[in-house]
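As you go down the protein sequences, you meet chains A and B in turn. Numbered according to the working numbering, the first sequence terminates at residue 536, and the numbering increases by one at each position without gaps. Numbered according to the working numbering, the second sequence terminates at residue 539, and the numbering increases by one at each position without gaps.
Because the hints were derived from the structure by calculation, they are not lab data. Because the structure is a prediction, the values reported are computed rather than measured. Just to be clear, a hint being listed does not mean it is correct.
Claimed, not checked - 20 Å max Cα-Cα, derived EDC-like pairs, lysine to aspartate or glutamate: (1) Lys413/A / Asp307/B; (2) Lys212/B / Asp370/B; (3) Lys413/A / Glu326/B; (4) Lys299/B / Glu422/A; (5) Lys478/A / Glu324/B; (6) Lys199/A / Asp419/B; (7) Lys479/B / Glu508/B; (8) Lys413/A / Glu285/B; (9) Lys299/B / Asp344/A; (10) Lys322/B / Glu285/B; (11) Lys478/A / Asp327/B; (12) Lys478/A / Asp307/B; (13) Lys413/A / Asp368/B; (14) Lys413/A / Glu324/B; (15) Lys473/A / Glu350/B; (16) Lys473/A / Asp307/B; (17) Lys413/A / Asp327/B; (18) Lys337/B / Asp370/B; (19) Lys343/A / Glu508/B.
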Amino acid sequence: MKTDERKETFADLKSGRKTRFIFTGLLILVTVFMIMDIFLGSVSIKPSEVLRAIFSDTSSDYGTIILKFRIPKAITALTVGVALSLSGLQMQTVFRNPMAGPYVLGISSGASLGVAFVILGFSSIITPDSLSGLGNWILVAASWAGAGAVMILIMIISSRVKDIMTVLILGIMLSSGISAIVTILQYFSNETLLKAYVIWTMGSLGNLTASQINVLLISVSAGVILSLFLSKMLNALLLGENYAGSIGLNVRLARTLIFICTSILAGSVTAFCGPIGFIGIAVPHIARILFKTSDHKILIPGTILAGAAVMLVSDIISQLPGSESVLPVNAVASLIGIPVVVWVIMRSRKYSGAF
Amino acid sequence: MTSLKEILKLSSLKIGYISGKNLNVLLPPLNACANGGELIAVIGRNGIGKSTLLRTLTGLQRPLGGEICYSGKKIQDYSRIELAQKVGYISTEVIKVSNMSVYDLVSLGRFPHTNWIGKLELEDHDVIADALVKTSMEPFRRKLISELSDGERQKVMISRILAQDTDIMVMDEPTAFLDVAGRYEILHLLQSLTRNNNKTIIYSTHDLQMAISLSDKIWLILDDELIEGAPEDLMIAGVFRRLFDSSAVLFNSDDGTFSFRSETRGSIYIKGDGEKKLWTEKAINRAGFRVAKEKTLPFIVIPCESNQCWQLISVSKVLDFNTIYELINCLNKNSI
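If we strip away everything but chain B, and leave its shape as in the complex, we get (with noise of 0.2 Å):
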């Protein structure tokens, strides 16, 4: 299903405020571009400007400098509905309107198609119908959105979007309210959106695990430049380290995980495997130690049988622990 045609070229794009006759250039100049059925990350820290840049994307926000293209031709030469018909927007911003059933607020994003009073057409209801049902939202239609739940309100916003009729698709951070379960259910929805009925979706992001898994290509925007490639050649040439260059965080390359920079307290070593190996190593990195690659003292005893104990053996003494907790508490509580 999906082609491989070029639908968005960014080239040396500059985006930022206007604030007076002073132009506000937030980053250096972009280079990216997208592919027809592509699902595609905005990745950076906050504030570095990746609302902006999907602002400048939709239209809201004229460019500074440099082009957006769209199937090769500038976003200048659009008119404002051409634009609406191939690009549509959704933002972190809640609507809240009274007695506005889910179909309504679906239903205005047939605007660009409908004549000057906004008449629905047969088609129209057709289109409608048809985006409530990809995102399994038929059953709701005649609720009003105030009575949404925040999953349910995106998947109706992602519904609008889809009676829009666009290529491309620009999110503002679509999970930023929900909970893991609704990320992950979103996030399958877009990409089958993006499998099933070729849309390009832009998305932006902090949960980078998440994109890293699902996304087909990753913008990862820096202070010094925009880095586009997919999420495991990016893993492989280490940038996404760069994000955290300076926080206190740091981004484990090998399972793309994080963890916080902090100053270790020593080294154990754990004796032992399994989960229970797994689990114990996360707690004492917690506690601040790291795990030692060799046996030294001291050293925890992971328990093989369910009867046995965590055992804690340094040069004075062997300690036994019922759980993981008792343990932490006394390498917190004790130098050793």
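Isolated chain A (complex conformation) (with noise of 0.2 Å):
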């Protein structure tokens, strides 16, 4: 029998074994660091009070901070990160861009105008304040909304444009477009929903509900299990439109699917917690650094780890442990992004365009 005489080779093992030993390494990195954003803080507890506020007295005063302050935090963290990267990774794909991203192609800009539109259009009936339950749901459906309207018009724009650069400057000013319709709406609203609109804007990871949770929660769920059936035809798509047809798929569903996906994950989280920058673009890039494939049967959950540690140390540093200030996450996090970026474009100016 042939198939019995093939014999995977040295190197096909070794590669093999090495893939295996990142993603244990990840996972480890992604628990350690969930733990230590839990136990550090702005206010220090030690970490025997943490253990006992977790499992014995919940309600003390440390008990208040470790269970409805910290724990909720960590774990908006870990899914903001893991939204962000994937919906990255998988705007990369599908625009044939190392530059594609949630926040620099304006799909980020793109939710918030769909949040501004109910806070400020129809916010007389669902106040933020008692944003709950269905209003969170109205909310996160028009943050989607409005990321995938987005995602389609730069899906026209880069039918057109074949460069990557000009791509980019394109959503650069998309998103200001879309600001200054942002901005006419609250010129146009009252004191009451304009206030409600900006302390949106200012959302971070640490003002969420337990409902808004919940629905965050829910819907990044979703995107990811869509995400792992997407795996197939995200890496036809590597090959481009006309030979990913060629061998069989269907592009116009799979970027139908695609952009479902997408909006659901960065539309989500903007909806809750406002842009957040670089995040995007710069987790899948470490990656395909880490794992150096392109494949993305391995760089869906390699890019769902690293952007979960990514997130988790952003939140970490910004909680500026052992002082009692707290940084916004979204710098920290385009401070961790950027550098990351800036290396990516350097390298694909060497490589004229690949990705």
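Assembly of the complex is requested from the two constituent chains, each provided in isolation within its own frame, with the hints serving as guidance.
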């Protein structure tokens, strides 16, 4: 039998082992960062106190801090990291652009516009303070719709303009245009609604209500599960739409599914945490560097783990352990993401557009 | 090995683009066919619609009329996956993906054969390994595609199509980026795939000489029709000349070479024979002179011994030249 004779070469075995090793390493890192994120914070609590607060004395002051604040925040950070990174990976493949990501191409702005319409337009019914249950879902759905609309616009632009940098510049103009619309909406809305919107734009990982975290978790899980089904399609799309079509991919269906998945992932995060920059571009590249592959069956789980790790680290740093002040997590995430993005730009110059 | 089964038939096929509500039909209805195991060159001037024809054959564009039948079944009756198992495609587009190994790229050819997540079974790995062996790219399997030369990349693309395991392979200018040696290598590979693996290969090219010497059949696309036949039949029918009707290029059906249509500056007789005569003829043709059939003035005497020179004998004088280069320079400077 021919199949029995087939032997994996030593190099193949080694690379498989290396992949497993990196996965294990990332998993350990995520766990460690998760624990650190819970144990460290602007109020220093002894590890023993933390454990006691979690397992026995839940009603103490420390218990309140840990259970009502730190754990939800750590869960949010993890979810946000996963969602943004995964949407970035999918966008980079579907647009065949190493610089694609929810933030730079204006997808986050589109999501903000959706939210602005809900808060500034209709919130006589749903005030942000009472945002819960159905209200949260409406907010998230508006955010998805906004993100999806911008995705379609960018797709149209990408199909006409082949140059990656031009698409980026048009993406930036698109976000400016959307911000202008939001500004006009703000101009016409009353003081209460305006205040509600401004508070939303300052959103961070820390002030999500339990029901908002539920909505976020459900949406992102749906996105992650959908993305696992998309890995074969994403691999085919790496070749470009002509080759993908010639090997039997329904390109239109694949794009629609990927757009839905990306809009859910990026839109949900933007709806509750505001725009968070550069994580979406940077993390997929970190995963590519670590695993040295273009196969989405490896890159998707790799990006999920790396995204969770990076966002948790950003959150740990933003709390400035040992001091009493807290930095905005958006800023920390950008500072981590930007060097990676700069590196990718420098490198893609060298390979003339390869990603 | 080759069977003479008709595998592809085009009947009054109309190709072109739909822009808005208008049908933009590029060519008059095309009729052609292909048998199993044939190497078919598609030839036509730039912009006539070769790529559009190949894209239509692959199912990437819809026919605007007429029929394409693969093994007697209309292309519309194939599902995407079935069609991808029947026809493979290589365009002129270069795939640029970082971190993609040769093996990864070739394994994407298994797309229409794998399950929803694209898991490669042992059989798939066997097919991929076999495809790499056939194109002698096995030693490159772990290399990244961004590190390959143009010729190697083209061979990897051919391996990918082989892994796709289709009866028909459609290729748009597979030799476009390659040097002469690379072109021969690729075309010989294609020829051996048709001979040994019974693949039908339809490829477009601008290299008429190579297409004539290596293809089993030529689809010659002209403005008003598609003419098909063995290259030699088309040579005898003299249809290749119609490719260049309006241009400054002349096709010599005697030897399958090209020359520029230009005004002649006169004729020169060449006395002598052998290799030196052949090249002297080519040189004076290039300088714009015809070779006279009978002995007239001026004439050129070809050296027989290595220490002799080229002699140009005209009415008034006799000139000696050590090289053809000097001879031509003299012809270009003076009117004779």
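Going through the hints against the structure:
Distance restraint check for Lys413/A and Asp307/B: the Cα-Cα separation of roughly 12 Å lies within the 20 Å cut-off, and the hinted pair is therefore satisfied. Note on Lys212/B and Asp370/B: the hinted pairing holds, with a Cα-Cα distance of about 14 Å set against a maximum of 20 Å. For the hint pairing Lys413/A with Glu326/B, the CA-to-CA distance comes to about 18 Å; that is within 20 Å, so the pair holds. Taken as a hint, the Lys299/B and Glu422/A pair is honoured in the structure, with Cα atoms around 13 Å apart against an allowance of 20 Å.
At most 20 Å may separate the alpha-carbon atoms for a hinted pair to count; Lys478/A and Glu324/B meet this at roughly 15 Å. For the hint pairing Lys199/A with Asp419/B, the CA-to-CA distance comes to about 49 Å; that exceeds 20 Å, so the pair is violated. Of the pairs offered as hints, the one joining Lys479/B and Glu508/B holds, with about 11 Å between alpha carbons and a cut-off of 20 Å not exceeded. Distance restraint check for Lys413/A and Glu285/B: the Cα-Cα separation of roughly 17 Å lies within the 20 Å cut-off, and the hinted pair is therefore satisfied.
As the CA atoms of Lys299/B and Asp344/A are separated by approximately 14 Å, the hinted pair is consistent with the 20 Å bound. At most 20 Å may separate the alpha-carbon atoms for a hinted pair to count; Lys322/B and Glu285/B meet this at roughly 19 Å. Between Lys478/A and Asp327/B the alpha-carbon distance is near 17 Å, which keeps this suggested pair within the 20 Å criterion. Of the supplied pair hints, the one linking Lys478/A and Asp307/B holds, its CA atoms being roughly 12 Å apart against a limit of 20 Å.
About 18 Å separates the Cα atoms of Lys413/A and Asp368/B, which keeps this hinted pair within 20 Å; it holds. For a cut-off of 20 Å, the pair hint linking Lys413/A to Glu324/B stands: about 15 Å separates their Cα positions. At roughly 14 Å between alpha-carbon atoms, Lys473/A and Glu350/B fall within 20 Å of each other, so this suggested pair holds. Proposed proximity of Lys473/A and Asp307/B is supported: the alpha carbons are some 12 Å apart, at most 20 Å.
For the hint linking Lys413/A to Asp327/B, the alpha-carbon distance of about 15 Å falls within 20 Å, and the restraint holds. For a cut-off of 20 Å, the pair hint linking Lys337/B to Asp370/B stands: about 16 Å separates their Cα positions. Restraint check for Lys343/A and Glu508/B: not satisfied, since their Cα atoms lie roughly 62 Å apart, outside the 20 Å limit.
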